[in-house]
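Visitor: Start from the sequences and build out the full structure, keeping to the hints where you can.
This note's numbering applies: residue 1 is where the sequence shown begins, and numbers increase by one.
There could be a bad hint or two in this list.
What the hints assert, rightly or not - Below, in silico cross-link-like pairs of lysine-lysine (PhoX-like), each with a Cα-Cα straight-line distance of 20 Å or less:
| no. | residue 1 | residue 2 |
| --- | --- | --- |
| 1 | K763 | K526 |
| 2 | K409 | K287 |
| 3 | K725 | K547 |
| 4 | K896 | K921 |
Unchecked claim - Label pairs and their in silico Cβ distance ranges:
| no. | residue 1 | residue 2 | range |
| --- | --- | --- | --- |
| 5 | R641 | L724 | 49 to 59 Å |
| 6 | A419 | R549 | 37 to 47 Å |
| 7 | G823 | R641 | 42 to 52 Å |
| 8 | E35 | A316 | 24 to 34 Å |
Keep in mind the hints are simulated off the structure, nothing from the lab. Quick caveat, the model's predicted, so the values are computed rather than measured. Cβ atoms here follow ideal geometry from the backbone N, Cα and C, with glycine treated the same way.
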Amino acid sequence: MSEDMSPAERYAAARLRAAEEATALAPFREMYDFELDPFQLDACRALEAGEGVLVAAPTGSGKTIVGEFAVHLALTQGRKCFYTTPIKALSNQKFSDLARRYGADKVGLLTGDNSINAEAPVVVMTTEVLRNMLYAGSQTLRGLGYVVMDEVHYLSDRFRGAVWEEVIIHLPDSVTLVSLSATVSNAEEFGDWLDTVRGDTRVIVSEHRPVPLWQHVLAGRRLYDLFEEKSGRRAVNPDLVRMVRMENSRPNGLRDRRGPKREADRERERRQRRRIWIPSRPEVIDKLDAEGLLPAITFIFSRAGCEAAVQQCLVAGLRLNDAAAQARVRQIVEERTAAIPDEDLHVLGYFEWLEGLQRGIAAHHAGMLPTFKEVVEELFVQGLVKAVFATETLALGINMPARSVVLEKLVKWNGEQHADITPGEYTQLTGRAGRRGIDIEGHAVVLWQRGMDPEAVAGLAGTRTYPLRSSFKPSYNMAVNLVEQFGRHRSRELLETSFAQFQADRSVVGISRQVQRNEEGLEGYKESMTCHLGDFAEYGRLRRELKDRETELAKQGAAQRRAQASAALEKLRPGDIIHVPTGKFAGLALVLDPGAPGGRTPGHRQFDHHDGPRPLVLTAQRQVKRLAGMDFPVPVEALDRMRIPKSFNPRSPQSRRDLASALRTRAGAAGYDGKPSHRRGRQRSAAHDDAEINRLRTAIRRHPCHGCDEREDHARWAERYYRLKRDTRQLERRIEGRTNTIARTFDRVYALLSDMEYLDGDKVTEDGKRLARLYGELDLLAAECLRQSVWEGLPPSELAACASALVYEARTPDDALPPTLPGGRAKAALGEMVRIWGRLDALEEQHAVSQTEGVGQREPDLGFAWPAYQWAEGHGLDAVLREADMPAGDFVRWCKQVIDVLGQLAAAAPESSTVRRNARKAVDSMLRGVVAYSSVG
Numbered sequence: 001m002s003e004d005m006s007p008a009e010r011y012a013a014a015r016l017r018a019a020e021e022a023t024a025l026a027p028f029r030e031m032y033d034f035e036l037d038p039f040q041l042d043a044c045r046a047l048e049a050g051e052g053v054l055v056a057a058p059t060g061s062g063k064t065i066v067g068e069f070a071v072h073l074a075l076t077q078g079r080k081c082f083y084t085t086p087i088k089a090l091s092n093q094k095f096s097d098l099a100r101r102y103g104a105d106k107v108g109l110l111t112g113d114n115s116i117n118a119e120a121p122v123v124v125m126t127t128e129v130l131r132n133m134l135y136a137g138s139q140t141l142r143g144l145g146y147v148v149m150d151e152v153h154y155l156s157d158r159f160r161g162a163v164w165e166e167v168i169i170h171l172p173d174s175v176t177l178v179s180l181s182a183t184v185s186n187a188e189e190f191g192d193w194l195d196t197v198r199g200d201t202r203v204i205v206s207e208h209r210p211v212p213l214w215q216h217v218l219a220g221r222r223l224y225d226l227f228e229e230k231s232g233r234r235a236v237n238p239d240l241v242r243m244v245r246m247e248n249s250r251p252n253g254l255r256d257r258r259g260p261k262r263e264a265d266r267e268r269e270r271r272q273r274r275r276i277w278i279p280s281r282p283e284v285i286d287k288l289d290a291e292g293l294l295p296a297i298t299f300i301f302s303r304a305g306c307e308a309a310v311q312q313c314l315v316a317g318l319r320l321n322d323a324a325a326q327a328r329v330r331q332i333v334e335e336r337t338a339a340i341p342d343e344d345l346h347v348l349g350y351f352e353w354l355e356g357l358q359r360g361i362a363a364h365h366a367g368m369l370p371t372f373k374e375v376v377e378e379l380f381v382q383g384l385v386k387a388v389f390a391t392e393t394l395a396l397g398i399n400m401p402a403r404s405v406v407l408e409k410l411v412k413w414n415g416e417q418h419a420d421i422t423p424g425e426y427t428q429l430t431g432r433a434g435r436r437g438i439d440i441e442g443h444a445v446v447l448w449q450r451g452m453d454p455e456a457v458a459g460l461a462g463t464r465t466y467p468l469r470s471s472f473k474p475s476y477n478m479a480v481n482l483v484e485q486f487g488r489h490r491s492r493e494l495l496e497t498s499f500a501q502f503q504a505d506r507s508v509v510g511i512s513r514q515v516q517r518n519e520e521g522l523e524g525y526k527e528s529m530t531c532h533l534g535d536f537a538e539y540g541r542l543r544r545e546l547k548d549r550e551t552e553l554a555k556q557g558a559a560q561r562r563a564q565a566s567a568a569l570e571k572l573r574p575g576d577i578i579h580v581p582t583g584k585f586a587g588l589a590l591v592l593d594p595g596a597p598g599g600r601t602p603g604h605r606q607f608d609h610h611d612g613p614r615p616l617v618l619t620a621q622r623q624v625k626r627l628a629g630m631d632f633p634v635p636v637e638a639l640d641r642m643r644i645p646k647s648f649n650p651r652s653p654q655s656r657r658d659l660a661s662a663l664r665t666r667a668g669a670a671g672y673d674g675k676p677s678h679r680r681g682r683q684r685s686a687a688h689d690d691a692e693i694n695r696l697r698t699a700i701r702r703h704p705c706h707g708c709d710e711r712e713d714h715a716r717w718a719e720r721y722y723r724l725k726r727d728t729r730q731l732e733r734r735i736e737g738r739t740n741t742i743a744r745t746f747d748r749v750y751a752l753l754s755d756m757e758y759l760d761g762d763k764v765t766e767d768g769k770r771l772a773r774l775y776g777e778l779d780l781l782a783a784e785c786l787r788q789s790v791w792e793g794l795p796p797s798e799l800a801a802c803a804s805a806l807v808y809e810a811r812t813p814d815d816a817l818p819p820t821l822p823g824g825r826a827k828a829a830l831g832e833m834v835r836i837w838g839r840l841d842a843l844e845e846q847h848a849v850s851q852t853e854g855v856g857q858r859e860p861d862l863g864f865a866w867p868a869y870q871w872a873e874g875h876g877l878d879a880v881l882r883e884a885d886m887p888a889g890d891f892v893r894w895c896k897q898v899i900d901v902l903g904q905l906a907a908a909a910p911e912s913s914t915v916r917r918n919a920r921k922a923v924d925s926m927l928r929g930v931v932a933y934s935s936v937g
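Guide: Following this line, the structure appears as structure tokens:
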């Protein structure tokens with residue numbers, strides 16, 4: 001081809017090649033056995049030119065290459081590079097990759113669990129570790145040239161997202177930032193903000209998937225393509241639409257009431273109704289195997305569902321590995337689990353887990369032991385596990401690509417309700433399909449469910465709306481750290497530079513335009529309601545005031561009835577037999593635990609609506625449920641009492657059955673059906689005697705406009721006028737609310753901390769300096785407990801129990817009984833922690849610091865105090881897990897979080913305090929067995 005070029009062109013090309021070879025990018029490209037993609041080259045060139053970069057690209061596209069080039073540049077220039085990730089597992093994985101490439105002496109690791117070669121020129125760490133280093137002014141930051149923020153879209157995470165913004169804002173100007181993100185729809189907006197706070201930042205967006213993704217729907221035995229190409233345009237497969245229309249129009253299997261049928265008739269009818277069925281999990285894996293679509297990850301939005309899927313495949317006799325692969329699996333598993341004692345292996349379900357692995361089948365979820373999860377990941381990458389059933393947490397960055405991804409359902413539990421998955425979630429889950437360098441195409445398979453709409457599935461698959469939204473809010477710890485470094489005024493200015501405020505300011509522009517349009521509309525409405533008899537605006541205002549007053553009185557009446565019902569609930573005692581008047585669990589019930597007053601349950605998350613007591617009851621239908629105030633619209637009273645056996649266990653079906661039977665027997669013997677005997681008489685309306693309502697009605701009747709023939713026509717325009725005026729006021733309040741929002745929140749936090757003497761003007765007090773070393777949701781509670789010597793003199797195991805309340809949050813708090821607590825001083829200390837939290841909660845309310853804004857202290861959860869105490873006391877894993885009723889993975893994760901907070905307490909407590917010594921001893925006593933197994937080889 002060079003022969004066709006002119007001498008001038010050949011000279012120019014030679015100069016370009018020479019210039020390219022003189023860059024750091026040339027030797028870096030030679031380290032890979034494949035050509036870099038254009039977006040990777042663009043980002044690397046921008047980095048070498050001294051610009052920061054934001055790279056937004058699909059999962060599996062190779063955007064981490066850009067992060068690795070930052071590492072290469074740092075080593076070439078004799079500077080440091082910090083590579084940050086959102087989760088420890090990803091940090092461990094990246095540490096291993098970089099150590100293999102550059103040598104163990106040049107790469108370090110810093111997570112909450114591990115510290116390896118921390119002063120190396122390249123250090124992999126979790127984002128929180130870097131944030132803490134910035135606030136502490138760590139010497140490790142010296143010589144830092146580059147910071148890679150992998151999975152920077154975590155910035156949207158409502159619990160941890162603020163950490164990413166803190167790091168971005170506080171990094172020294174001399175540091176070049178490399179931000180790697182999944183495909184987001186507002187990458188340019190995020191890039192504009194980075195440009196504002198970090199200087200020159202190149203935004204590089206790539207929508208291209210290196211491995212094309214094919215979308216399918218599996219219905220019965222047939223695998224339908226979701227899309228069909230027609231004349232260069234993509235449309236939903238008409239065969240799929242036809243099949244779904246036919247299946248959805250069939251009867252839903254309702255019983256024919258005309259009389260009994262023979263078995264043969266019923267079987268024929270079943271075949272006619274359900275020619276298409278939902279295949280079982282083993283059938284799905286069989287089908288994928290037959291189509292050559294393994295290895296596959298099947299996403300099931302339930303831990304129990306993942307474990308059940310593995311069992312179903314084992315029972316079905318599914319085997320995906322030959323004898324040689326089985327032997328290799330056993331060898332790897334035995335090597336990786338050699339440090340786990342035999343007695344713990346049995347408790348952890350090791351042998352059942354190994355049986356699945358040898359057959360090429362495994363589960364992957366947060367409830368598994370970290371070592372077990374890592375083995376599954378390793379075997380999957382090596383092709384020795386071919387079918388993984390996983391929860392959505394697997395989609396969060398772990399390098400575990402598959403040929404296919406299967407979604408059983410397009411609905412998941414979001415913590416509050418079952419909701420449809422979003423296009424962003426669909427993209428992230430299916431992004432695992434297609435292994436670069438191995439597969440020529442990836443496959444996303446959705447299982448057909450009755451009622452499914454192919455157009456809706458196509459909408460999920462074809463939409464790329466995954467906007468990055470800031471979750472930044474100033475915490476107590478952040479406030480004292482900022483004031484210590486910058487003083488109050490400069491701290492306020494820094495917070496105004498956050499992405500949260502950047503987005504809020506931009507959103508105000510559109511709202512201002514809407515206010516302008518509304519004001520024009522108000523003028524038109526005002527003209528239309530003009531009346532020749534008088535001032536209709538005044539008449540309309542009187543009618544509006546009357547309506548508002550009637551609504552207010554109705555609300556007061558409802559509030560009064562709720563208060564009466566709440567007061568009645570507070571009188572209930574364990575053993576009371578009541579009638580639940582309404583709701584899903586209406587009928588006879590036995591009170592097991594009356595619940596705490598004020599809408600809170602001891603040891604569990606607070607209920608912001610202050611709904612009154614929430615009694616835990618056993619219904620006559622054998623269900624144990626914690627009821628809410630809405631189940632008691634009228635006061636309830638005890639119909640009778642009965643004794644609750646001490647041996648009663650609400651988790652035991654037999655125990656529930658026996659007590660429910662005794663409840664029904666008692667009710668039958670007493671001769672009542674459970675319904676309250678009293679009837680409430682009709683009450684006189686509060687509006688009837690209200691002086692203000694009578695005054696307004698009189699004024700309306702006497703107004704000149706009251707006699708207008710077109711009164712109701714004018715009134716309709718007046719109603720529109722006042723409604724639009726109300727909407728306009730709300731928009732104006734939103735504008736006011738979004739201007740300087742972060743700074744105003746900081747002002748409230750600052751005022752509270754000043755009142756509590758953690759801050760004194762621009763100075764941080766000694767107590768404030770302790771708070772500055774405490775990171776977590778309950779930072780202020782921990783600081784107060786240290787200040788008030790709540791934990792002074794507690795032995796290590798009891799201190800561990802108390803520390804657990806600062807981090808633990810139950811997954812399903814509503815239906816739990818009060819937690820088991822250690823005795824002695826620990827129980828008193830835990831009680832005092834709850835009382836201190838109550839005082840802090842009142843103080844936060846006084847200063848308008850609200851949890852709904854993401855600031856403030858949730859109620860400490862005491863649910864892990866007993867397992868933490870037992871483990872720190874040296875009890876065996878079997879006994880602790882049995883009593884905790886908790887998966888091993890959850891237990892290990894919570895133990896590690898307790899260890900982390902104990903380390904913080906040891907660092908923050910005064911030199912003379914017993915807390916400092918005993919916290920370190922508690923760490924040593926908890927860091928054993930399954931908790932101590934290192935996750936870095």
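Visitor: Each hint should be assessed against the structure and marked as holding or not.
Guide: So, going through the hints one by one against the coordinates:
{"no.": "1", "hint": "K763 / K526", "result": "violated, 56 Å"}
{"no.": "2", "hint": "K409 / K287", "result": "holds, 18 Å"}
{"no.": "3", "hint": "K725 / K547", "result": "holds, 16 Å"}
{"no.": "4", "hint": "K896 / K921", "result": "holds, 15 Å"}
{"no.": "5", "hint": "R641 / L724: 49 to 59 Å", "result": "holds, 58 Å"}
{"no.": "6", "hint": "A419 / R549: 37 to 47 Å", "result": "holds, 39 Å"}
{"no.": "7", "hint": "G823 / R641: 42 to 52 Å", "result": "violated, 29 Å"}
{"no.": "8", "hint": "E35 / A316: 24 to 34 Å", "result": "violated, 44 Å"}
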